[in-house]
Amino acid sequence: MHKDNEKMKSEIIRRSGVNPSKCMRCGKCSGTCPAYDEMEYHPHQFVYMVESGDIEPLLSSESLYKCLSCFACVDRCPRGVEPAKLVEAVRLSVIRQQGANHLTANDIPEMLDPDLPQQAIVSAFRKYTK
Amino acid sequence: MKVSYFPGCTLKNKAVILDTYARKCAEVLGVTLEEIENWQCCGGVFTTSKDEVATKLSSVRALKYAQDRNQPLVSVCSACHNVIKQTNHAIQTDAEFSDKVNRYIAPESPYTGDTQVYHYLELLRDVVGFDKVKEKVVNPLGGRKIAPYYGCLLLRPNTVMQMDDPENPQIFEDLIRALGGEPVAYSMRNECCGGYVTMENPEFAKSKSKAVTDNATAFGAECIVTACPLCKYNLDKNGNSVPVVYFTELLAEALGVKEDETNA
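These protein sequence lines map, in sequence, to chains A and B. Under the working numbering, the first residue of the first sequence is numbered -10, with each subsequent residue one higher. Under the working numbering, the first residue of the second sequence is numbered 51, with each subsequent residue one higher.
Just to be clear, a hint being listed does not mean it is correct.
Computed list of lysine-lysine pairs in BS3-like fashion (alpha-carbon distance at most 30 Å, straight line) [what the hints assert, rightly or not]:
(1) A:K119 - B:K150
(2) A:K(-4) - B:K74
(3) B:K182 - B:K195
(4) A:K17 - B:K256
(5) B:K74 - B:K150
(6) B:K256 - B:K195
(7) B:K256 - A:K(-2)
(8) B:K150 - B:K308
(9) B:K62 - A:K(-2)
(10) A:K119 - B:K256
(11) A:K17 - B:K150
(12) A:K119 - B:K100
(13) B:K100 - A:K11
(14) B:K100 - B:K186
(15) B:K52 - B:K260
(16) B:K64 - A:K(-8)
Simulated DEER-style distance windows between Cβ atoms [claimed, not checked]:
(17) B:R153 - A:T118: 41 to 47 Å
(18) B:G270 - A:Q86: 49 to 55 Å
(19) B:S159 - A:P103: 54 to 60 Å
(20) A:N8 - B:F269: 39 to 45 Å
(21) B:I155 - A:G20: 24 to 30 Å
Covered stretches of chain A (in silico footprint by chain B; criterion: 3 or more residues with CB under 8 Å from a CB of chain B, positions within the stretch not fixed) [as the list claims (entries may be wrong)]:
(22) 9 to 20
(23) 41 to 50
(24) 55 to 62
(25) 81 to 87
The set of hints was computed from the structure by calculation and includes no laboratory data. Glycine included, C-beta positions come from ideal geometry on N, C-alpha and C.
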């Protein structure tokens, strides 16, 4: 594995607390994921790609912003791999960079609906913005 | 009995009835919800990454506040409860994280995760008792067919939340029975409503929540009950006209305190 990839992998593993090598490739995480159809890279692919250090394609993928944080993959994984935590750790690698926020305050007005709960806005900011 | 109460941002705005009925019903059941002074928004979702500290401090402050008063910490909103409980668990299990948050907050004595964290439903089940709730019912719900909707945040991750069996929960069903309603069994009760992705992609969220409401109505639901303002929003917006109500509304109706609110 290339040194840069090795470094990125260890950073993601440290931040997420996940050990992707526990994965036995059963695909249950992707099978249960409510955002599966929206994703370019699916939860089981996140796990495999982090494990093999192939993280670069994930950094530019919209899949990072499709995860609903529903924890279905976390609870239903028979090996306790917790894929959602990997998605989060990779997403943070991106949005923690200067100017890399996925959502800004200027984007909000056109998304507003009079019934929209505050919870939706703060949750989206927490997931998409640093 | 008095408990520390964390209402959260939405209960002060779009979901006021979730808050006001929770307080009124608690009084009927002998519990006073004492609102935490100067509470701060929980952030809506827990950030699982271990090196995220600042985003969890509001929860730690609330937990510490309750500990200083020797009270359990209660929230009604599923999201607040999830964030606070996951933060408490992180303090209990991750020494490095615990050390960092205590350095940020610098309390007189360190916070070590000792506060008992309850969702209001757990308060009803584990502290008050559903038997006691049933005794206090003055307007039973008359066998109304009610579909409990758990969504994600009450149940998952189960290793932390420990509320109920995450794949076959009963806490909502037991409450509905105690209030004189009939819980509807349907398969989508613990699947995601689409959550905050409704901001960017409302059509996607609608497809997720429509699967839930259509499933509930196919099994005869007259209404759907939830504890989460974002779930209610998504379930309300997907085109199925089945009423979606907060569990505190049903509780207030059954305990006979709902009309007071309307007349106030």
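Hints breached by this structure
2, 5, 7, 8, 9, 11, 14, 15, 16, 17, 19, 21, 22, 23, 25
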